[in-house]
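Here is how the chains run, residue by residue.
2 protein chains.
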Amino acid sequence: MSSRLASPEDYSKLVNSFDTWLFDCDGVLWRGDHVIDGVVEVLEMLRRRNKKVIFVTNNATKSRKSYKTKFDQLGIEAHVDEIYGSAYAAAVYISSILQLPKHKKVYVVGQSGLEEELRDEGIQYLGGTDPADNTLEPFDLSTFTLDPDVAAVVCGLDTQINYTKLSKAFQYLIRNPGCHFIATNEDSTYPTSAGLLPGAGSISSPLRYSLGKSPVCTGKPASTMLDCVKAKVHFDPQRTIMVGDRLNTDILFGQNGGLTTLLVFTGITTEVEITGPEPSPIIPDFHTQGLGDFRIVERTP
Amino acid sequence: MSSRLASPEDYSKLVNSFDTWLFDCDGVLWRGDHVIDGVVEVLEMLRRRNKKVIFVTNNATKSRKSYKTKFDQLGIEAHVDEIYGSAYAAAVYISSILQLPKHKKVYVVGQSGLEEELRDEGIQYLGGTDPADNTLEPFDLSTFTLDPDVAAVVCGLDTQINYTKLSKAFQYLIRNPGCHFIATNEDSTYPTSAGLLPGAGSISSPLRYSLGKSPVCTGKPASTMLDCVKAKVHFDPQRTIMVGDRLNTDILFGQNGGLTTLLVFTGITTEVEITGPEPSPIIPDFHTQGLGDFRIVERTP
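Chains as they are written, first to last, in my numbering: chain U, 112 to 412; chain D, 112 to 412.
Honestly, the hints are just simulated from the structure, not real lab data. You may find that some hints are simply not true.
No copy labels: a pair is met if it fits in one copy or bridges any two.
What the hints assert, rightly or not - Result set (SDA-like, lysine to any residue): computed pairs, CA atoms no more than 20 Å apart in a straight line: (1) 343 - 384; (2) 216 - 350; (3) 162 - 345; (4) 181 - 249; (5) 162 - 242; (6) 343 - 407; (7) 124 - 347; (8) 163 - 403; (9) 324 - 307; (10) 163 - 349; (11) 324 - 384; (12) 216 - 347; (13) 181 - 114; (14) 215 - 379; (15) 179 - 307; (16) 324 - 379; (17) 215 - 398; (18) 124 - 403; (19) 341 - 125.
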């Protein structure tokens, strides 16, 4: 059962118990282009108390650098080395875990943020934002030639999704059974300030469906992202808390990594999903309305 | 266990045992734009013997009328009232089973063949081939207004699939829980003469994934298509055979309808899938290399 934070002491106790704070972004810090109330003050309070602050996001449309720009625009303090995105995790997975030889390439179903992270890891890629693949013209399989160096297909959220990209990715995967199939994340929906849209998992789903095969996922709840964090930052899981708005990504990610978890209701999940008559099988350790609730700590002696 | 047709007597016996012959098209009669060897002669032989010939296809990109044109171009005799497509089945399902009131509309993720069948059934629709929805421009949810008359989303194979269409369909389904979610068919792949491409099931899969909800499917193996045939043609299931190249659509469709089934290997399925060490759970009554094998009947006294 999840504990609802209520008294000033509840919040203070949590702040005192954890040295490292991992935050999901969409639905926790902001929603679309709007900062969630109180978030800036709470992050400042944690920094003043020398807490390590880390941002773990499944959004693979942005590189860490462009994420930093988003934090800046919204007036939230963040540093590139505090940001871990699923596009970065995919690039690290390809370069460090798969150790793809340098002459091999990746076919990208995704946007420029994913391309940027691949480039930064020295990975060659095709597809992605290439105008030739961003078209609604008919795809002619009979004139398509496979690049023999493509050894992986990586999918992220791609709002330029089309049949040419899907067909090329499908060819690489079906004709070469050794070709790796990677998804940055499997979020079903994508929150914007105007509401939900289909998420990254829905972009890889046509391939999953047509191939009858699941991708390796590098985003939450998979532990690949936490492996990336661990490789760069030292933290004690006993004194680390994961704050998120989604049960099946953020909270499960924290649980998979042996972290304490805190759910907020400023994003996807509603309170009834954990306290109602048919609660989710994934229950956080703690829950509160929003991150802004922690402002009470400042007002407490 | 499936019986392999081998001797002239096997083929003659089958021809004599069945009055109504249902055929899948892609992979049985043709592959892409090439007629499969012997098909024209065998269909002529069946017609000469007064067999009822019916074509049941999951391809929802073509209306029955444009299917007829394809038969004509390939030199295969067929009549519009012998052709049953999944787009037609979807239109009949909406008008006759759901009985959608005339002022209600359908949002289409699909091509002109599906639109034509809806129009012929007097169903109003949005989306589909509308240029406004066939774009790779960013989709702006904040300026999108739901048409309150949309009461169903219908998905077929759509090689113009894009994020705007998916997002609109998603909005209709998520904001109105009573909105019907229909797929013409759930084929994982789509056969062309140059090879396989992602099929209609992969076009509806982003919605299935993002909504966590399955569509009602009107194509094979669902019985909706056979209900359409039954409404128009009298046949005795005991003396009816379904000929197809796919186990999980054609053969299962025949079995669901209580028909005898015959598998051919000119399409998707290979012989090892039914006779190998790990056979499919879906086994036809009979199998033969291709429909052209029945030419032997003509040569038999």
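Each hint tested on the structure:
1. For the identical chains of this complex, residue 343 and residue 384 are neighbours neither inside a copy (34 Å) nor across copies (48 Å), given an alpha-carbon limit of 20 Å.
2. For a Cα distance limit of 20 Å, the shortest separation of residue 216 from residue 350 qualifies neither inside one copy, at 40 Å, nor across copies, at 55 Å.
3. With identical chains, the CA atoms of residue 162 and residue 345 are at most 20 Å apart within one copy only, with a shortest distance of 13 Å there and 76 Å across copies.
4. For a Cα distance limit of 20 Å, the shortest separation of residue 181 from residue 249 across copies, 19 Å, qualifies, whereas the shortest one inside one copy, 36 Å, does not.
5. When the C-alpha separation of residue 162 and residue 242 is checked against a cutoff of 20 Å, the pair qualifies neither within a copy, at 44 Å, nor between copies, at 52 Å.
6. In this assembly of identical chains, the alpha carbons of residue 343 and residue 407 never lie at most 20 Å apart, being 32 Å within a copy and 71 Å across copies at closest.
7. Proximity of residue 124 to residue 347 under the C-alpha cut-off of 20 Å is restricted to the intra-copy arrangement: shortest distance 18 Å within a copy versus 75 Å between copies.
8. In this homomeric assembly, residue 163 and residue 403 come within 20 Å of each other (Cα to Cα) only inside a single copy, at 18 Å, whereas the closest approach across copies is 72 Å.
9. In this assembly of identical chains, the alpha carbons of residue 324 and residue 307 lie at most 20 Å apart only when taken from different copies (16 Å versus 26 Å within one copy).
10. Proximity of residue 163 and residue 349 under a CA criterion of 20 Å is satisfied intra-copy only: 14 Å inside one chain copy versus 73 Å between copies.
11. For the homomeric pair residue 324 and residue 384, the shortest alpha-carbon distance between copies (18 Å) is at most 20 Å, but the shortest distance inside one copy (30 Å) is not.
12. Taking CA atoms no more than 20 Å apart as the test, residue 216 paired with residue 347 passes in neither setting, with 36 Å inside one copy and 57 Å between copies.
13. Neither within a single protomer nor between protomers do residue 181 and residue 114 lie at most 20 Å apart by alpha-carbon distance, with minima of 32 Å and 65 Å respectively.
14. Neither within a single protomer nor between protomers do residue 215 and residue 379 lie at most 20 Å apart by alpha-carbon distance, with minima of 38 Å and 31 Å respectively.
15. In this assembly of identical chains, the alpha carbons of residue 179 and residue 307 never lie at most 20 Å apart, being 23 Å within a copy and 42 Å across copies at closest.
16. For a Cα distance limit of 20 Å, the shortest separation of residue 324 from residue 379 across copies, 17 Å, qualifies, whereas the shortest one inside one copy, 27 Å, does not.
17. In the homo-oligomer, the alpha carbons of residue 215 and residue 398 never lie at most 20 Å apart, since the shortest distance is 45 Å inside one protomer and 43 Å across protomers.
18. With identical chains, the CA atoms of residue 124 and residue 403 are at most 20 Å apart within one copy only, with a shortest distance of 16 Å there and 78 Å across copies.
19. Proximity of residue 341 to residue 125 under the C-alpha cut-off of 20 Å is found in neither arrangement, the shortest distances being 22 Å within a copy and 67 Å between copies.
Checked against the numbered hints above, the structure violates hints 1, 2, 5, 6, 12, 13, 14, 15, 17 and 19; every other hint is satisfied.
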